[in-house]
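Trainee: Listed below are the residues making up each chain.
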Amino acid sequence: MTLLISLTIAVIFGSGAYLLLKRDLIRVITGMILLGNAANLFIMAAGLRQGSAPIVPSDRDLSDPLVQAMTLTAIVISFGVATLVLSVVYRVYDSHHSVDLRRLGSAEAVQASLDDQLSPKERGARAEAEESTESEPATDGAVGRVRP
Amino acid sequence: MTIALPLVILWFGALIVALLDGTRKPVGYFSVIVLAGALAATSVLGVDVYRNGTREMAIGGWDPGVGIALRVDLLGIVFAVVSLVVLLTALWFEVSRDVKARIFPALVLFMGLGLTGLFFTGDAFNFYVFFEISMVAAYVMASYGETPRQLRAALIFIVVNLLGSVLFLVGIAAIYHNTGWLDMKRVATQMPLLHENPAILTATIVFVAFSIKLGLFPFHFWLPAVYTGTRPAVAAILSGALANIGTYGLIRFGADIFPRELQAGAPILIALGAISIVYGGIQAIARHTPNEVLAYSAIGQVGYILIALSIGGEAGYAAAIVYAVVNALNKALLFLAASLRGWIAGAAFAIGAFSVAGVPPAGGFFGKMAVFQTSLDDNQPWIVALVFVGGALSFVYMFQLYRARFWVNEEADEATTRGALGPVVVIALAIVTIGVFPEPLLALAQQASALLPERAP
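Residue numbers (our numbering), protein chains in the order written: chain A, 1 to 148; chain B, 1 to 457.
Extracted from the complex, chain B is given alone in its bound form (with noise of 0.2 Å):
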């Protein structure tokens, strides 16, 4: 099977239901099967290389080294299988409640393409372009819906973003001057070549622009405006599946192209992550609104990513891939189930509470857990207070979220359709799945991790 298959699937698909009227529910429900389609083409693909190894093919028949590269490996293939996983059951709930402009499927299906593409391209200029088809769907995204607050807050989202995707821009002509190639695995051979200033100069920038992305501490003004606007589908598509960019982006370039400066790096990546915990904890607890809280939680949780990923090493990588999985689940979760009312509603958000404060039987304990291990395993006493600390304010805002919005106006249950439980229900589940079994997602985030180069001693 060739593994262009999920994009074709999705380029195709995309085109045809931007042509069609995307409000009709028979539409809707096409672009559900388009979607569910290239997740299953992507878990097939994925099977492949977890038995295979990392799969490669040359666009257009060239030879390796001369086109441009499409490159398959774990890491890419488990962010794809997450973001088409929390596309999917966003676009099922909107489908299911009411699609209230055409082009939202349509939209759904360009991000799935931009975002498979992104992490199956092993060109560093193609990343760009798949980056912007992404961000191009989320700009028109953000103001879906069409108030002015979500006028007003795809304006925010377009004009901060695409200054991060000018910052990422020059970071990829900065790589290719310095280095003299786009393939990234022919990259990161370059890179240790490279005197150290430019090296740190080229690494900065695409942190930068990473960050702004993921809405990291220093970059995470943006984030809150935005998120309270939009509506629960969109809040929770750019939380859960767009946001995997910046994760992904930061694993790929920071681990696999600029480990030294990663290395480097790491004592002002651990101290942004804390302050990103900390600060995203307390924010939260002050605010009322469910968006505003899940948006301040959003900067708390990436904290623990750039503390995993700072941290370093195959189990510091693993650590970061786990949490970034089950990160992007419980947001899309969180959103969605907070939108909605009755008990079944109540019980699917209660999980992703509980996935989020870390604990059992949800799958955040694992990643929380992932997280501690690594810390303890690096000697870091004070990171291993602050996971604890984290999951603390994160039990606490939860559950006030929890009790404002499940606890009051019992009687006004109405609202909820049937329909919109059953991506919720599904998105649950898995998370409960990942806390009882949660052996194949390690196992998976091990050996993807273990394809990263070793950082040295």
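One chain only, chain A, in its complex shape (with noise of 0.2 Å):
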């Protein structure tokens, strides 16, 4: 039982991380939440071994009530994160027009060009500028969309 507990949070483990490296953003978030469900997982298996239940009384067999409650909070928190990314991954799409990591890579270097091309003066003007009117030069946007 032990055996097969443990490789079925092996193999979930496994393929979160496998996911998590594809360039599709959809599939890291499939990663990232079977990640989750993977510790979640762990800690049912993690379940009392040593000493008795934390539960009155406790003489006859209980199984451990705590991994539960643990499993329980772990759930909802992995649960709301995973909306949270969902939504961030939302934005990002409605922003660069793709949910491909290469796209968003390249919209980076783009930017980091820009800042590393600039002499100080103009990169302070800049700054200024986005300070004032925080918006972000008109490139970084349009980079997602024209660029292949």
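One should not assume that every hint holds.
[Claimed, not checked] Computed beta-carbon distance windows for the label pairs:
(1) B:Phe12 / A:Ile75: 18 to 28 Å
(2) B:Leu193 / A:Tyr90: 43 to 53 Å
(3) B:Glu56 / A:Lys22: 42 to 52 Å
(4) B:Glu439 / A:Tyr90: 48 to 58 Å
(5) B:Phe12 / A:Leu86: 21 to 31 Å
(6) A:Ser6 / B:His288: 44 to 54 Å
(7) A:Gly14 / B:Pro440: 46 to 56 Å
(8) A:Gly105 / B:Ala264: 36 to 46 Å
(9) A:Tyr90 / B:Pro440: 46 to 56 Å
[What the hints assert, rightly or not] Coverage of chain B stretches by chain A, computed from C-beta distances (three or more under 8 Å per stretch; other residues unrestricted):
(10) 135-146
(11) 152-158
(12) 176-187
[Claimed, not checked] Some chain A residues close to chain B (C-beta under 8 Å, calculated; not the full set):
(13) Leu35
(14) Gly36
(15) Thr73
(16) Ser95
If you're looking for bench data, these hints aren't it; they were derived computationally from the structure.
Glycine included, C-beta positions come from ideal geometry on N, C-alpha and C.
Two chains, two frames, a set of hints: combine them into the complex.
Mentor: Below, the structure is given as structure tokens:
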């Protein structure tokens, strides 16, 4: 039984880690959710082995209620965070018109080279402009759309 | 006074502010006042803890040992006060400029709640819950501003840190499985009875989880992208307040629960710290934009904390605490000041730069000196040399940045609003005060580390 549970957790965790390394953001999120669930299973599997179950009266054979409470809390947290991440992914899709990490990476690279090419004075001036208008330079948003 | 008071203030304050429109000035200043109230309550509690020793309380009126414990000792209080100070200055800074999103003040309060709860809790699983509260606030905060770049930064931040959280959760499950306890004090007493292998494995998982939060060398890759993309107030919060989770976690779990494993792993940890210092310093010199330089500087600075912690003993832990406190204030000051213009901001930035480089009269001098002293006592001359090299590197990159930021286009002064200078000046004065009167902080760190278990000879 222990082996079976360990293998299940290992497979779920492995799949999650594999998906996490994908370029498609939806797969990355799926991978994160799988990782979270692997952790939840791990907590269940980590149920009490030392001492007696933390419940009164503990004279009968009881399963450990504490791991279940912990897993429940962890499920709620990972559920909430998953929702949050999906909304961030949607915002990224909204502004870049893509959920491909290569696209996002090239947008970042263009941004970085913009930062580097500017002389200190221009950079200062642009920083001022960014501060005052709070708008990203036009190139940044457009890159994801125009460039392959 | 009940020890839950700061938590109660922050919780209700955050709930109220979350319902209001945070972009309006009165709401912004109301949240500043709530945060200041929580800071005052924490400080009063701190004085009480300093005089009468560790305070404990079981939530919900359960017997001690059955109910989940809130346990406030000096270590937790020191970190809670510093984190709240950083949050307060960053929020004040942002409110006096202009809050861009209605949820921002509430997020800062929620993060304050998460951090304070995490420093106050005596229960490993509650530690995780509070940790997630502050992390979720940070996830939303990282995308604050909502430009494409900030969204990308937020995405990286969430994915990497969520992985860290999952690892930490696994670590806690492993602790529970191995010891049968979640109460940190009991766990600490059970740990030495454990066989070495599971203990080392658990300690490693927890170490990796906190290192990801902290941005130590092999786990640092997310940090520059995130800090470069976000707004100054958010960068100040992430590096000055949220990173305290990593430092506190390493000290609490490392020194308190896994002292044996910490000692066994010390050579590796010292090597990682050394690489962090050199790598962060050299990368920072090669960068141009302020946030990028400061991000790599942050990677370098945590190296000192790790080294002090791994050398260990009362002096080592005290050095780690002093360094962590000063470093949090430095980072908050530098991120905020670098976004302003004019001679006052320049002077404040220079104080922060001196502090990072470890030049008196700034507070950083005593942080560096504590690490220096510890490595001398431990008879490790090459660490002394390393601290010196790290200081020299930080001197170079901080003044490169100072020159690029404050010596060119002096004429562009109008962007600085007077109100935004207030928090920057206050935190700069705090750093100078620590530099001129270091005794209270040193004594506090000394006492806090005396509560941690002695390391085996």
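Trainee: Taking the earlier hints as the rules, which of them does this structure contradict?
Mentor: Violated: none.
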